[in-house]
Amino acid sequence: MDQLSGGEALIRALHDEGVDIIFGYPGGAVLHIYDAIFNQGKIEHILVRHEQAATHAADGYARGTGKPGVVLVTSGPGATNAITGIATAFMDSIPMVVISGQVESRLIGSDGFQETDMVGVSRPVVKHSFMVQNAADIPLIVKKAFHIATTGRPGPVVIDIPKDVTDPEVKFDYAYPSDIKMRSYAVPAKGHSGQIKKAVDVLMAAKRPMIYAGGGVIQGEGAELLTELTRELGFPITNTLMGLGAYPASDKQFVGMLGMHGTYEANMSMHYCDALLAIGVRFDDRVTNSDVTKFCPDATILHVDIDPASISKTVSADVPIVGSVNSVLEEMLAQVKASKQKVDEKSLKVWWDRIAQWREKDSLGVTPSEDGITIKPQEVIQAVHAITEGDAYVSSDVGQHQMFAAQYYGFDKPRRWINSGGLGTMGFGFPAAMGIQFAFPDAISVCVTGEGSFQMNLQELATCMQYQLPIKIISLNNRALGMVKQWQDMQYGGRHSHSTYAESLPDFIKLAESYGHVGIRIENKSELNAKLEEAFALKDRLVFVDVLVDPEEHVYPMAIKGGAMKDMILSKSERT
Amino acid sequence: MRHIISVLMENEPGALSRVVGLFSQRNYNIDSLTVAPTEDQSLSRLTLTTTGDERRIEQITKHLNKLVDVVKLVDLTEGAHIERELMLIKVKATGAQRAEVTRTTEIFRGQVVDLTNSVFSIQLIGTSDKLDAFITALGESIVLEVARTGVSGISRGEKVLTL
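Respectively, the protein sequence lines represent chains A and B.
Residues 1 to 576 in this note's numbering are what the first sequence spells out, letter by letter.
Residues 1001 to 1163 in this note's numbering are what the second sequence spells out, letter by letter.
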């Protein structure tokens, strides 16, 4: 048995847990831990330039790989800077373990230098947290933290470690527990067979069925089974913003994303369906629209989720099924195949004919600019899709560009669309793209951003230079906080209160170049394809592509506030 | 409707703040709260009263169950149960008031646990309603101080909340 200090034990425990990369930033309270990192060669530590970026990078890594992201920050400001990233991961149920340094035990509560109550500050945005009191407790706490973060509905877990606990002079016998059992934490079992049977009966009898699948399907590795079940049934399917890629976007049964900026056909199908299979979703207000009493008025709602608290939280489920998405889909598929009652093909054909009519509206049709020069933001995403052959990892920030990427990239695989759906964190996309690039060094990691969001974490250009990350940053530059401005156009009489700043924007090309990267500006539609190709051809370099797009463009369709899902604004001049 | 929820949770630092934080974070209200270790020192029993319709109470119990420190819980109001609250109350008592206060205390089966020339301290155990009624019967004008423990409770019959 090895004699290890707390700091050494922490790094050893992370290695024993299978961690090979951590994102962090050093400081006083974690110096012992950083010394332990210096003295080992098993875990790679990535030095970011801001603790928020460490959490987003770890988050992007987790979303891309399905493995937990690991973060190491110091006490006080290091810890509080990490909070936004922890909250982002919490809202989207991303597995993450955040280790924060703390002042020495004897100083806790004394308002010591760089002291903050991390367990208290993070409490509402973590799945659980630990404060380590003895070095010898480290292996068990690390084991518990990873177990909690990665099982059930995943989420971030904080381990707060006072500096004296990692003291290199205090050693103990290290052993990593092989198994863990907690009397107060049980991982949900398989879905109830009887409930699944009820759900299958509803689906078989349905005349206007609909499948609504979300991020839980991706987190629960259920995309393959979902695709098989959907094809077996022949039903229309929509994905949430978090669920894009859970079902291939290029498939004919896919009616597009639903919700506030969902397609006309997806939202209409939702509103008029008579049976709704909701799986790995939480009936978020950006899906249901603000008045849930108007949501799917004719539908029998079947809700599958691993978190019992998600069921009947906002919309009452007629058939609730608590269980892992994978186990439920597997049994549902088997029951569907064995069912004596078959899908009502005749009604289904009528239903598909109706959906075909909605599709004819072509709600994502792009009208090119009249001058033939101005670039529409949607055209940029379409071009990126074509050049990357739909096979890139696309992370995004938050705003209009995020919606355009979600609407126009067309994700065929799970874990390719990396965005902050729940918290809506500007500044997420770029560091998340770093996490992706570390996880998949040979893949194309694209960050679709805007000039507003990008400025919230642009310091990471330095990290990308240090580690030679060839990320492609596609900035849809509309010289404004586009989504804010859109709402101001639509609801505040066009009064653009603090949403424009054209006169004070940096020269993004020079900015990228000053960090040693490549910058390309695209202003004219005629050069869009060629210059994007030029950017993607630079395989070993980070390229910042500053695309000047039409600042007047709005994201459509858009849900009408207080309405049902069928109530949408389709363009500047058309409503449903 | 008023519900009494009893929670068995790990007797660990931070556990109580997670429960209380959950209520403020999700805009649920706590009317009373009482907590102490059980016969098993590794477990605490926390009993709280809250109000809400069925759906809200369902969400509250689901979210409480999700907390990693929570081992088990029961909504006592779902079945037959016994609830008790203890109150210590200090009242002005001079002259004829002394006999009146003593009589009222006897009717409510309370006990005078301390007294001076002008003040009685009384202990009373019962349901929250009984405690409220006692205060009303004494007359609020003579009440100097009230200390109530909040509701504690247990199921009737053989049903037990244990590991």
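Simulated from the structure, these hints should not be mistaken for laboratory data.
Just so you know, not all the hints are guaranteed correct.
Taking CB as the label site, the calculated pair distances span [to be verified]:
| id | chain 1 | residue 1 | chain 2 | residue 2 | range |
| --- | --- | --- | --- | --- | --- |
| 1 | A | Glu-228 | B | Asn-1065 | 37 to 45 Å |
| 2 | A | Lys-413 | B | Asn-1065 | 50 to 58 Å |
| 3 | B | Gln-1041 | A | Asp-298 | 23 to 31 Å |
| 4 | A | Glu-104 | B | Ala-1147 | 33 to 41 Å |
| 5 | B | Asp-1040 | A | Lys-413 | 43 to 51 Å |
| 6 | B | Ile-1135 | A | Asn-134 | 43 to 51 Å |
| 7 | B | Thr-1077 | A | Asp-111 | 55 to 63 Å |
| 8 | B | Gly-1052 | A | Ala-334 | 33 to 41 Å |
| 9 | B | Asn-1065 | A | Asp-298 | 47 to 55 Å |
| 10 | B | Asn-1065 | A | Ala-334 | 24 to 32 Å |
| 11 | A | Ser-193 | B | Pro-1037 | 53 to 61 Å |
| 12 | B | Asn-1065 | A | Pro-441 | 20 to 28 Å |
| 13 | B | Thr-1038 | A | Asp-298 | 27 to 35 Å |
Built from N, CA and C at the ideal position, the CB exists for glycine as well.
Hint by hint, which ones does this structure get wrong, listed from lowest number up? Violated: hints 1, 2, 3, 7, 9, 11, 12 and 13.
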